[in-house]
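Enquirer: With my numbering as the guide, the letters of the sequence shown map in order to residues -11 to 231.
Heads up, a few of these hints could be off.
As a list, the in silico DSS-like pairs of lysine-lysine whose alpha-carbon atoms are at most 25 Å apart [unchecked claim]:
#1 LYS82 <-> LYS60
#2 LYS33 <-> LYS199
#3 LYS152 <-> LYS52
#4 LYS81 <-> LYS91
#5 LYS46 <-> LYS152
#6 LYS152 <-> LYS60
#7 LYS53 <-> LYS91
#8 LYS0 <-> LYS152
#9 LYS58 <-> LYS81
Calculated directly from the structure, the hints in this document are not laboratory data.
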Amino acid sequence: YAGVIQGLLGGKIDMVLSMSPASYASVYLQDAKAVDIVGILVDDKDGSKGYHSVVIVKNDSPYKKLEDLKGKSFGMADPDSTSGFLMPNQAFKKQFGGSVDDKYNGFFSSVTFSGGHEQDILGVLNNQFDGAVTWSSLVGDYNSGYSSGAFGRLIRMDHPDLMKQIRIIWQSPLIPNGPLLVSNKLPADFKQKVVETIQKLDKEQHACFVKAVGGAQHIGPASVADYQNIIDMKRDLAKGQRG
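Produce the entire structure from the sequences given, and follow the hints as far as they go.
Expert: This is the structure in structure tokens:
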């Protein structure tokens, strides 16, 4: 995530097809005019425009709810991930107090950034973490890992029985899918052509577009207002880190 943020701010990346909302908020807070939102990814089947942060534990563990993880080890994904840090961080601060720096008032024995969603899941399976966060649509068939999210990726890779090995014990409110972004550092006429090309790809060669964005999704309308809650959360987090 950090590399994409710096790439957009530094003019090294011209377009992003699927951005973490928290990463977009980081770009916006550093330079509100750096990028334009082209749209939001919308699920082809159910029209959903969002996903959830979820906390998982091993299915054979005794943990049934978040409070059961008191004194246990916990895995976060990435500081610039909405579902892998920003959303659970806000929820844990409200419920337990403190911050990630003091393990939420010492509620957890440790809080570790694993580097990604798949690493969080593997950390739970390998007993590195008692609980960890990842992301899921929570829509569709449970055993296949739902319609989108990190579960499906691992199931397709080499963990066909993943959903029998884990249990979800917490879920966040809906998080909007990440925006498609185009850099404002491009010349205006060329920028318009880039946007039109990606919209055309979505409509006329949809199978190719689906591969590019990593899921059966299409472009829907979106604006900064759709991400205001995430921007506000990110701003508050930055204030806390400076304070």
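Enquirer: Under the criterion that the straight-line Cα-Cα distance not exceed 25 Å, is the pair LYS58, LYS81 satisfied?
Expert: 14 Å, holds
Enquirer: Check the hint pairing LYS46 with LYS152 against an upper bound of 25 Å on the C-alpha distance.
Expert: 9 Å, holds
Enquirer: Would the hint linking LYS82 and LYS60 be met if the CA-CA limit is 25 Å?
Expert: OK: LYS82 and LYS60 at ~19 Å, within 25 Å.
Enquirer: Hint check: LYS152 vs LYS52, CA-CA at most 25 Å. Holds or violated?
Expert: Holds, at roughly 15 Å.
Enquirer: Take the C-alpha atoms of LYS33 and LYS199, compute the straight-line distance between them, and say whether it is at most 25 Å.
Expert: At roughly 16 Å apart (the allowed maximum being 25 Å), LYS199 and LYS33 satisfy the hint.
Enquirer: Please verify whether LYS81 and LYS91 have alpha carbons no more than 25 Å apart.
Expert: With Cα atoms ~10 Å apart, LYS81 and LYS91 stay inside 25 Å; holds.
Enquirer: Decide if the proposed pair is consistent with the structure: LYS152 and LYS60, CA atoms, cutoff 25 Å inclusive.
Expert: Holds, at roughly 22 Å.
Enquirer: Has the given pair, LYS0 with LYS152, been kept, meaning a C-alpha gap of at most 25 Å?
Expert: With a Cα-Cα distance of about 43 Å, the restraint between LYS0 and LYS152 is violated, given a limit of 25 Å.
Enquirer: Compare the distance between the alpha carbons of LYS53 and LYS91 with 25 Å, and conclude whether the hinted pair is satisfied.
Expert: Roughly 18 Å separates the two Cα atoms, so the pair holds.
Hint 8 from the earlier list is the only one contradicted by this structure; the remaining hints agree with it.
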